[in-house]
Amino acid sequence: MLALWRNLAVPTQRVLTGGLALIFLVPLVWAAVASVAPQPGTAQTEGWGLDNYARLAGYQAGLTRYILNSLLISGMTVVFTLVVSLFGGYAFAMFSFRGKNVLFITTLAILMVPYATLLIPLYVLLNGLGLQDSLIGLALVLTMFQLPFATFMMRISFESVPRELAESAYVDGCGTFQALTRVLVPAVKPGLITVGLFAFLAAWNDFIAPLILINNPDKVPLPLAVANIRGQVMGVVDYGATEAGVVVLAVPCIILFLILQRHYVRGFMSGALKG
Amino acid sequence: MTAPVEDGRTAVQPSIRGPAASDPAAKRWRAPRRRISHRNQGWIYAAPTALFVTVFFIVPVLLVVQMSLSDWSLFAGNRGFNAPENYVDAVRTRLFWPAVGFTVKYTVITTVILIGVALGMALLVQEASRWNSLLRTAFLVPSALGLAAASLLFYALYAPSGPFAGLLALVGFGNGSVSLLGTPNSALWSTVAVIVWRFAGFYMLLLLVGLQGIPADVYEAARVDGAGRWQIFRHVTLPLLKSSLALCTILCVTGSLLAFEQFYILTRGGPDNTTVTIVQLVYNVAFQGRNDLGVAAALSLVVLLGLIIINAAQLRALRDKER
Chain W
1 MLALWRNLAV PTQRVLTGGL ALIFLVPLVW AAVASVAPQP GTAQTEGWGL DNYARLAGYQ
61 AGLTRYILNS LLISGMTVVF TLVVSLFGGY AFAMFSFRGK NVLFITTLAI LMVPYATLLI
121 PLYVLLNGLG LQDSLIGLAL VLTMFQLPFA TFMMRISFES VPRELAESAY VDGCGTFQAL
181 TRVLVPAVKP GLITVGLFAF LAAWNDFIAP LILINNPDKV PLPLAVANIR GQVMGVVDYG
241 ATEAGVVVLA VPCIILFLIL QRHYVRGFMS GALKG
Chain U
1 MTAPVEDGRT AVQPSIRGPA ASDPAAKRWR APRRRISHRN QGWIYAAPTA LFVTVFFIVP
61 VLLVVQMSLS DWSLFAGNRG FNAPENYVDA VRTRLFWPAV GFTVKYTVIT TVILIGVALG
121 MALLVQEASR WNSLLRTAFL VPSALGLAAA SLLFYALYAP SGPFAGLLAL VGFGNGSVSL
181 LGTPNSALWS TVAVIVWRFA GFYMLLLLVG LQGIPADVYE AARVDGAGRW QIFRHVTLPL
241 LKSSLALCTI LCVTGSLLAF EQFYILTRGG PDNTTVTIVQ LVYNVAFQGR NDLGVAAALS
301 LVVLLGLIII NAAQLRALRD KER
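From first to last, the protein sequence lines stand for chains W and U. According to my numbering, the first sequence is numbered sequentially starting from 1. According to my numbering, the second sequence is numbered sequentially starting from 1.
Possibly wrong hints are sitting among the right ones.
Derived list of chain W stretches under chain U, where covered just means 3 residues or more per stretch with a C-beta under 8 Å from a C-beta of chain U [what the hints assert, rightly or not]:
#1 100-114
#2 134-145
On the chain W side, residues computed to face chain U include the following (Cβ under 10 Å) [as the list claims (entries may be wrong)]:
#3 A34
#4 V36
#5 L86
#6 L122
#7 Y123
#8 L129
#9 L180
#10 A227
Derived from the structure by calculation, the hints contain no laboratory data. Model, not experiment: these values are computed from the prediction. C-beta atoms are modelled at their ideal positions from N, C-alpha and C, and glycine is treated no differently.
Chain U with its partners taken away, still in its complex shape (with noise of 0.2 Å):
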C-alpha cells in the first residue's frame, strides 16, 4: 500500500525504479496513472510564468536588440536595418561621456557613503533589545516610501524658502532663501542625502542578517586570545560579513548606475546639465525631444553590458580574495 507515497517521490527521480518499472504492465499496475499526470502537471502550473517570461521578458530582449540595429523613430516606428548607426550615434551624443562620468562619480560616492552608514547603523542596533528594535523600525520606515515620494518630500525641504535653507542661513550660510539644488555639488551631494535617507535601513537589514550569522563563540575565542574592540572588528567581524558587504555593494552600485527618478524629480539634470545620469539620457533620447527609440535602445545595450562587466568584475574580486 506504499505506492502512492512512492508514487510520489518518483515523480522527482524517476530513475531510481528498479528494472519492474520499465515493464510497461507492471507500470500500469502500480498506480501509474498519478506519476505520469504529475510530471506534466509541472508544466501546467509553471505556464502562467512561462508566459509572463516569455511575452514581458525574452521578446522585449530580443526587441530592444533589433531596434538598436534599426532606423526606429518614437512615431514613425521600424523603418529598417541601419547598424551599427545608432551605436555610433549613441556615444556620440552630446552628453554621452559627461553621462557616464557623472553616473560613476555619484556611484562611487553613494556607495561609499551608504555602505559605510548602513554598517554603523547595524553594528549600533545588532544587539536585540526593545531599545534597539524601536531604532531598527525608526531606521527602516523611510524604506516604505517609494524613491518618487522620498524625493518629492525632500525637494519640498531643499527649496529655497524651506528648512535646509533657513538651517544653513543659521549656521552663517546663505541668506536663508539658497537653493540646494542650484549648483552642480550641492546638487549631487543633495541626492546622495536623499538616497542615504531612503535606503541606509535597508542595507542595515541585509547587514544585520550577515552579522547573525556570525557564531558568538568566534568573538569568545578572539577575546580570549585577547583582542581589542578594533581588532575584533576588523579581523573577525569584517572578514565573516564579507559576502553580506559583497551583497550590499553589489545591489547599491547597480542600483546607483542606474539612478533615474531622484534626479529627474529633483534636478532634472540640472544645473546646465551637469547631473544627467545614464538612464536620464536614455529616456531623453527616447521620450524628450530626439525621439530616437532606435539609440535610445542601443544606448541601453551600452548600458546593459557595461553592467555586466562591472559586476562579473566585482564577483570575480569577491571570488579572488577569497582564496
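Just chain W, with the same shape it has in the complex (with noise of 0.2 Å):
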C-alpha cells in the first residue's frame, strides 16, 4: 500500500488527497448553500433567499435572544476561565505552598469525572444556590469543566518563562501581584489566547450543560434552541431552519478557528506532549 502510495505520481496524489479534504468541507459548505437554496416543506419553497433565516429569526424567543443568551454564557465563561487560570497557573508554577500538589491533581481529576454524573448533583446544587435556570450558574459550571485544561495550560505557561524575569521584577521593587500584571502577563500572553479561544468554543458548542441546567426557554443557548426548532411546525422537521441554524452556529466558530489556527494546534498539541 505504501510502496504503491510513493509510486503514484504526484498530481494524482493531488487529486486524491484534495478528494479526501472535500470529504471534510464539502458538508459545511452543502449546509451554507442549502440554507438559501428553495426546498418543499421549509420557508423557502421558491427561489433562493433568506426565508429561512427569516423563520429562524422569529423562532419563539427571537435568534437575537438565543444568540445573545449564548454569547453572555461564552462570554462569562471566558472571563471566570481567563481570570481562575491565570492566578491558578501563576502559583503553580511560581509558588510553593502546603496543599498544592494535592490541589492540582484535583484540579485535573475534573476530566476524569464523567460530564452527567457531575451535572445531575450540579443540578440539584445550583438550585440550593439560588442558581437555577440562570447564566451565570450555567457559565461558571462551564468554567469549572474548562479548568484541568486551562490550568495545566497556564502552569505551563508560566513555568516556561524565564525565572529571571519574575526575579528581576521583585529585585525593582515590585510586589507579587504587580510582577504578574506588569511583567508576567505579557509573556504568558499566547496561553492566556488558547485557553480563552479553548473556553470560548466549549461554552459556544456545549449541549448537555443547558440541557439539564436551562429550564426557562426563553434562557437556552443556541444550540438548544436550534436543536428545539427542528420538531415545531406541526411535527414536521423543518430542515430549511435547521441549516441556517447551522450556519449561524457553525460561522463563529471557523472564523475564530482559522484566524487563531496556530493557538489552537499549539493548545492540542502541549496538552499532548504533557498528557
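Please assemble the complex out of the two chains, which come individually in their own frames, going by the hints.
Right, dumping it as C-alpha cells:
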C-alpha cells in the first residue's frame, strides 16, 4: 500500500488527497448553500433567499435572544476561566505552598468524572444556591469543566517563562501582583489566547449542560434552540431552519478557528505532549 | 546584595538554607518579610481555583454519592436514606443491559475506525509542505464545530429528502427518500460517520505530534539495514508511536462510552430504543418520565466505576507491553 502510494505521480496524489479534504469541507459548504436554496417543506420554497433565516429569527424568543444568551454564557465563561487559570497557573508554577500538589491533581481529576455524573448533583446544587435557570450558574459550571485544561496550560506557560524575569521584577521592588500584571502577563499571552479560545468554543458549543441546567425556554443558548426548532411545525421537521441554524452556529467557530489556528493547534499539541 | 534574588529561590526550597536561617534575628536581617509573604501568597493566587474545585467539583461528587444512597426525586427532593435500592433499580432498569451492550458496540466500532482513519491521515500529511498544511487545515475545520452543530448538520444531510438519500438512489439503493436513521444498523453507522467526520482531524493532530517525535535517524538506520516501507511502518513507526496511539485510544474510548449529544439529536435513542446509550439512559431516568435523581445518580456512579476499570485496564495493558 505504502509503496504503491509513493509510486503515484504527484498530481495523482494531489487529486486523491484533495478529494479526501473535500469530504471534510463539503458538508459545511452544503449546509450554507442548502440554507438559502429552495426546498419544499421549508420557509424557502421558491427561488433563492433568506427566508429560512427569517423564520429562524422569528422563532419563539427570537434568534437575537438566543445569540445573546450564547454570547453572555461564552463571554462569562471566558472571563472566569482566564481569571481563575491565570492566578492558578501563577500559583502552581511560581510558588510553593502546602497542599499545592493535592489541589493541582484534584483540578485535573475533573477530567476523569463523566459530565453526566457531575451535572445531576450540580442541578440540585445550583437550585440550592439560587442559581437555577441562570446564565451565570451555567457559566460557572462550564468554567469548572474548563479548569483542568486551562490550569494545566497556564501552569506550563508560567513554567516556560525564564525565572530571572520574575525575580528581576521582585528585585525592582514589585510585589508578586505587580510582577504578574506588569511583567508576566505579557510573557504568558499566547497561553491566555489558547485558553480563552478553547473556553469560548467549549461554552458556545456546549449542549448537555444547558439541556440539564436551563429549563426556561427564553434562556437557552443557541445550540439548544436550533435543536428544538426541528420538530416545531406540526411535528414536521423544518430542515431549512435547521440548516440556517447550523450556519449561524458554525460561522463564528470557523472564523475563530481560521484566525487563531496556530494557537488551536498548539493547545492540542501541548496537551498531547504532556498528557 | 544578592539577598532578594536568593530570597525568591528560598521561597521554593526553604530547607537548603544554612543554620543561620534558623536564627530568628538573622532571618529578619536578611530581608525575610518578602520571603514569608511570598509563601503565603501562593495560596492567595490558588484560592479561586480551590474555591471552584471545591464548590463545583468536590461538593457535587460527594452529593452524587449521597443522592445515590437516598430516595431523591426530581421534584420532591431528598426523602431519606434508602440504600441499596437505587443501585438495584439502576441495574434492573429495563434498558440497562441493552444500553450497555449498544454503548460498548458503538465504542469499539468508533475507536477502531476513528484511530485507523486518523493514523492514515497523519501519515499522509506528516511531511511539511504547503499542500500538506492546506490538507491539515481542511481536516481540522470540522473539529472547530460543536458536536451538537455537527450532529444537526448531518441530521439535515441524512433527511429523507436530503442529499445522502439521493446519492443512495443514484447507486441503486432505495427510491431517493430512504431515512438513513430508520433502521438500527443504519442509525449506528450514520452516527459513526458523523463522529469520524468531526473528530478525525483532532486525532490526526495528536498522532502528528507523536510522528514528529520520532527522530529522522531512526528511519535512516532502518533504511540502511535494508527495511522496506511496510517493514519500517510496522517495526519502527508503530512501536514508537505507541504512547500517542494509547492516548488517542483512551480519549476515544472514554468519549464514546459517554456518547450523548450525537444520539440525542440524530436518533433520540430510536428506532425502538435500539440506540440508547448509557448516558442517555442516565438523562432519561433523571429528567424524562421517571424523574428519579437517586436512581440516575446510582447509574452514573456505575458508569464512573466502569470507566475507571476500563481505563485502568488500558493503562495496565500498555505498561505490560512496554516491559
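Next on the checklist: Min Cβ distance, V36(W) to chain U: is it shorter than 10 Å?
Outcome noted: violated (14 Å)
Checklist entry - Do the numbers back the hint for L122(W), that is, is its least Cβ distance to chain U under 10 Å? => result holds (5 Å)
Checklist entry - Can the hint on L129(W) be confirmed by a CB-to-CB distance to chain U that is less than 10 Å? => result holds (8 Å)
Next on the checklist: Would the hint on L180(W) be counted as holding, given a Cβ-Cβ threshold of 10 Å to chain U?
Outcome noted: holds (8 Å)
Checklist entry - Going by Cβ atoms only, is A227(W) closer than 10 Å to chain U? => result Result: holds, 6 Å to nearest chain U Cβ.
Next on the checklist: Next item in the hint list is A34(W). Is there a CB on chain U closer than 10 Å to its CB?
Outcome noted: Interface hint status for A34(W): holds (7 Å vs cutoff 10 Å).
Item to check | Agreement of hint L86(W) with chain U interface, Cβ distance less than 10 Å | outcome: holds (9 Å)
Checklist entry - the stretch 100-114 of chain W covered by chain U? Criterion: 3 or more residues, Cβ-Cβ distance below 8 Å. => result That given contact holds, which follows from 9 residues of the stretch 100-114 of chain W lying within Cβ reach (below 8 Å) of chain U.
Next on the checklist: Using a Cβ cutoff of 8 Å, are there at least 3 residues of the stretch 134-145 of chain W near chain U, or does the coverage claim fail?
Outcome noted: holds (count 4)
Checklist entry - Is the interface hint for Y123(W) satisfied, with its Cβ closer than 10 Å to some Cβ of chain U? => result holds (8 Å)
In this structure, the one hint that does not hold is number 4.
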